[in-house]
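Protein sequences appear in the order of chains L, W and A. First residue of the first sequence? That's 1 in the numbering used here, and the numbers climb one at a time after it. First residue of the second sequence? That's 1 in the numbering used here, and the numbers climb one at a time after it. First residue of the third sequence? That's 1 in the numbering used here, and the numbers climb one at a time after it.
You may find that some hints are simply not true.
Said to hold, decoys possible - Lysine-lysine pairs mimicking DSSO-like chemistry, simulated, CA-CA at most 30 Å apart:
1. L:Lys248 x W:Lys264
2. W:Lys225 x L:Lys26
3. L:Lys261 x W:Lys238
4. W:Lys225 x L:Lys248
5. A:Lys275 x W:Lys238
6. A:Lys260 x L:Lys248
Derived from the structure by calculation, the hints contain no laboratory data.
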Amino acid sequence: MSDSNDAPRKPARKKVELDPRFLSYKHVWVYIEAERGEVHPVSWELLGEGRKLADQLGVDLVGVVLGPPEARTRAICEEAFHFGANRCYLVQHDALRDYRNEPYTKCLTELVDTYQPEILMLGATTLGRDLAGSVATTLATGLVADCTELVIEAESRCLASTRPTFGGSLLCTIMTQRHRPQMATVRPRVMAMPDADASRRGEVIEHAFSIVETSIITKILQFIPDDTRDKPNLPFADIIVAGGRGLKKPENFQLVWDLAKVLGAEVGASRPVVQAGWAELDRQVGQSGKTVRPKLYIAAGISGAVQHRVGMDGADVIIAINNDSNAPIFDFAHYGIVGNAMQILPALTEAFRKHLAQARKAG
Amino acid sequence: MHSVVCIKQVPDSAQIRVHPVTNTIMRQGVPAIINPYDLFALEEALRLKDRFGGTVTVITMGPPQAEVALRKCLSFGADHAILVSDRAFAGADTLATSFALSAAIGKVREDQPVDLIFTGKQTIDGDTAQVGPGIAKRLDYQLLTYVSKIVDIDFGKKEITVERRAEGGVQLLKTAVPCLITMLEGTNEMRFGDMADMFRAARYPLKVWDRVAAGIEDVAKIGLKGSPTVVGKVFAPKPRSQRAEMIEVHDNDPQDLVVTLLAKVFTRHPKIEAEIIKCAS
Amino acid sequence: MAEKFDVIVVGAGMAGNAAAYTLAQAGLNVLQIERGETPGSKNVQGAILYADALEKIIPDFRDDAPLERHLIEQRVWILDDESYVGSNYRSEEFNREPYNRYTIIRAHFDQWFNKKARDAGALVLCETTVTNLLLDGKRVIGVATDRKGGEIYADCVILADGVNSLLAKKAGFHDEIKPRDVALAVKEIHFLPQETIESRFNIGEEEGVVIEMAGKITAGMMGTAFLYTNKESITLGIGCMLSDFKEQQVTPYQLLEKMKDHPAIRPLLAGSEMKEYAAHLIPEGGYHAMPQVYGDGWMIAGDAGMFVNGLHREGSNLAMTTGKLAAETLIELKEQGKAWNARSLARYQAKLDDSFVMKDLRKYRQAPAIFEKNPHFFTTYPELLNRAAHTLVKVDGVDKKSKERSIKSAFVEARSRLGLLGDAFKMWRAFQSR
Ligand SMILES: Cc1cc2nc3c(=O)[nH]c(=O)nc-3n(C[C@H](O)[C@H](O)[C@H](O)COP(=O)(O)OP(=O)(O)OC[C@H]3O[C@@H](n4cnc5c(N)ncnc54)[C@H](O)[C@@H]3O)c2cc1C
Ligand SMILES: Cc1cc2nc3c(=O)[nH]c(=O)nc-3n(C[C@H](O)[C@H](O)[C@H](O)COP(=O)(O)OP(=O)(O)OC[C@H]3O[C@@H](n4cnc5c(N)ncnc54)[C@H](O)[C@@H]3O)c2cc1C
Ligand SMILES: Nc1ncnc2c1ncn2[C@@H]1O[C@H](COP(=O)(O)O)[C@@H](O)[C@H]1O
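In isolation and in its complexed conformation, chain L is listed as follows (with noise of 0.2 Å):
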């Protein structure tokens, strides 16, 4: 949405009918990311989600995976069964090696003319987002970013997806009635992993591209991968100690530190803390940061603004530490602590200390 006037637009109240060209689109269909043969987690967690939306709608669940013509591209249907996918397009083709935006373009505008899905859902990643953007140009059709819910309405069978807007301040629904397919983009780790099921089995239906090389204009001299070491992950993080601006100084966010070694947890920060130079910026848990979905995340000093609270209110439990008992992070916490975070850090961190030695002691 980037309505120039007066973002965000009043609701609309004409109910509006499906164009009659798009009445035979059926299915949900994800974009199955793949680069070098990984598959970003992403498009499984899609499925996850994409296998809600279809069985809501009583149709099939569609992956679409487009890469070079090797055998770990076939292989990567499979997988997609294996998440929820009931039948994958699958597309080989040697201009299909790296992502670029032209050949994928035309490749998945393409299977969506031929096979003509009703929603259509890729991973919020730089790749995502720059496929989803020329796809939707050029099918002309809607297409919604960054979502954090995906819903189908009852009565207009249409997709309702909920994204932030405002920089998070708010959140928006968004439809699209009269075209299809209907587009979404979803951030990383906003949908739960589901879980894969090795029995289960699907129909692959491979289509046949044509283009030739010298037709595409952008040409990969390189690719440089990121070196991954020692850089946080958090997305993946199971426990996440994070510390926010209640902590006052840099030197105690050495308690959030201290307590993360003995879980052996990853570090998170809110965006005030990363902005100070306590963190490193792969730590920002948020909005502009990082959604994280891990078991146990454990904030101190955190006011839980909603810009933090969209990137991790996915954990499974959340406990909070703020002097303030009327803090907003207490609303969606499931355990709250009010005191100060200086003197109750140390403590967690004493107690977690004996009781891991005991656990290991019995264990």
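Chain L is fixed; fit chains W and A with the ligands onto it per the hints.
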């Protein structure tokens, strides 16, 4: 060389508050700023101008107040500024916005060919990152998103080489000019214009284009009508159905407190205990 | 080629905008330079606007100026630690147009005012700081700025750069301001829904309240506090003399925190969201601390010239008026074909002397010294007053006569008979004209 930079004036979302009852944006005191991501795009265009010569045109679609943002771009060193403004654009989603902007850029091209179009990575109000790709598609320009560096431009061959942020690494890409670049944040720092630019910006006769001037005939493609997405409901995030279970402060002893807490958490969520033992070992 | 203007106005606050507008309106070639990102951006918070001064510059300002609420009620509170004694004045007369006082948000108001100046023809450059005055001997011939190629020339420079004018200091027009001549004020803005403000303060849409406060909240320092209602926010703040802060080793922030925690103030702010915090100096040295305000090719207007009536918290109206008078002096002299030198610009001083500005400042010229030498106005009295009120109001079986006696003896004990008399006289003198 001619670059067009798309900028948007946005409310400074760091200062937005939501009315607790009506869930509407309280705009009072919220300053309008240039979308911070767009400044990286503008600075990059200005740097290319420094290197290769040429002109930089900034363009925005927005209300009349957006003039301030455009003048500011001029004071940084942009040569021309166009405000695309018409009531008919109100309520545009990204598809309609990219349509209007690409039409206007089409008009700009009639006067002088456009080699590069720059946009920011995304806006801080819409946050979609869709307008850039949308413009590229409509104008049939090559699209380069998340560019972190412009390595080289070969004007003879009409080729450009850039580094692009991709998942898990950086792509070194070569493509043809004209193309559209969405610039990654943090890649450069906006300059401080000199006095001559300040005077030029203050005196510049701003071009304001309405729908017709922007070359748009089909009103069904702009504004609310041209927007396939429909905003249904705007609301504030709900608190969880129940508030956090508060652990009482026993005689202010933090140690007691956390022991109580752990006992509760572990009884209620035995998996967490197992998880901690796993992680910690 | 270097740019040259008739007049350069430094600053786009109240004084600068009034001057630039008046000059441009008269067809002079004016350049206004403001260091903030936008006019008013350095002036983030709410304030009270006195209509009269603005009316004399832009008579129909009410048509489009961003005004928050017009004030219909004034409360005065003398605070002790847990209580206050106060008085209210509310009148329907304040509800009849044209209204006399408004609350404004400076960031919005200054932009509006500056737009008026631009529409009248002034050229405005923001985000540009004037770093020096260009001199030819003693004559000011232009300004230097922090931008490359930033020297600009003019026949006259009006310094409207606010309190603690670095430029005037650098040019040697006035000395370093003494800490006892400036108050340090801190303000916060707290957002609340419009309806909440209206019910909490018992006011209708567009109506506003101001609360002036003194007493224990300034921790014995010379100063006052205030709170007023904007449309969707409340501005509150507290200010004390800079010299006192230095001596007492308290920070203004601590004072403000304590103030917000006062049992009479806390409920007014309940549920609000604090938005901005800012500290700002107010020149309160008054008449005796005023510098020379004109010379060869230069004039000073507004806070930069110490034109503030600290006792009545009036500043913006003096700033606007002095800006306007400075401009009018230049316009008249130009019409008469006279050069803008120290001799001719003395007319500015004459205009000032003739206006309420200097009359008021003269009238209150003793006030700063009196309050400064008598700190018990800010310590002992609030306590005594509050205790007296408590004794009187509480129904506890003690007869009224005994109560009165105990109140009286408390006062005498604390201040002695002579002291009380002296205090009354001093107070009277502080407010009386001579
Ligand atoms: C466009 C946009 C994007 C944003 N993106 C993000 C984002 O990705 N991530 C993010 O985190 N924020 C983000 N923010 C900022 C967000 O709005 C909040 O400002 C931020 O999350 C607040 O951080 P905080 O809780 O650490 O600090 P504060 O809000 O200052 O809260 C500090 C808390 O600590 C408590 N406290 C104080 N002392 C103690 C003590 N001794 N012991 C215990 N508790 C104490 C206080 O009661 C308070 O609740 C974004 C904002 C915008 C506008
Ligand atoms: C807490 C507080 C509460 C107040 N409440 C009231 C009130 O309720 N009512 C009232 O009438 N008055 C009030 N005042 C006083 C009033 O704000 C001032 O008297 C008034 O703003 C003075 O106007 P000015 O134009 O002289 O200065 P300012 O409004 O301060 O404007 C000076 C401008 O010059 C710019 N500037 C400074 N240096 C340079 C430079 N070198 N180059 C370029 N630009 C420069 C500044 O950025 C600023 O915009 C209050 C003051 C304070 C601090
Ligand atoms: N109304 C507009 N006018 C000009 N450029 C825009 C407008 N809206 C978006 N853009 C450009 O498109 C980019 C992406 O915007 P968005 O898709 O809203 O995140 C921005 O960084 C701008 O460069």
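Report task. Against the structure, test the hints numbered earlier, and report the numbers of the ones violated in rising order. Result -> 3, 4
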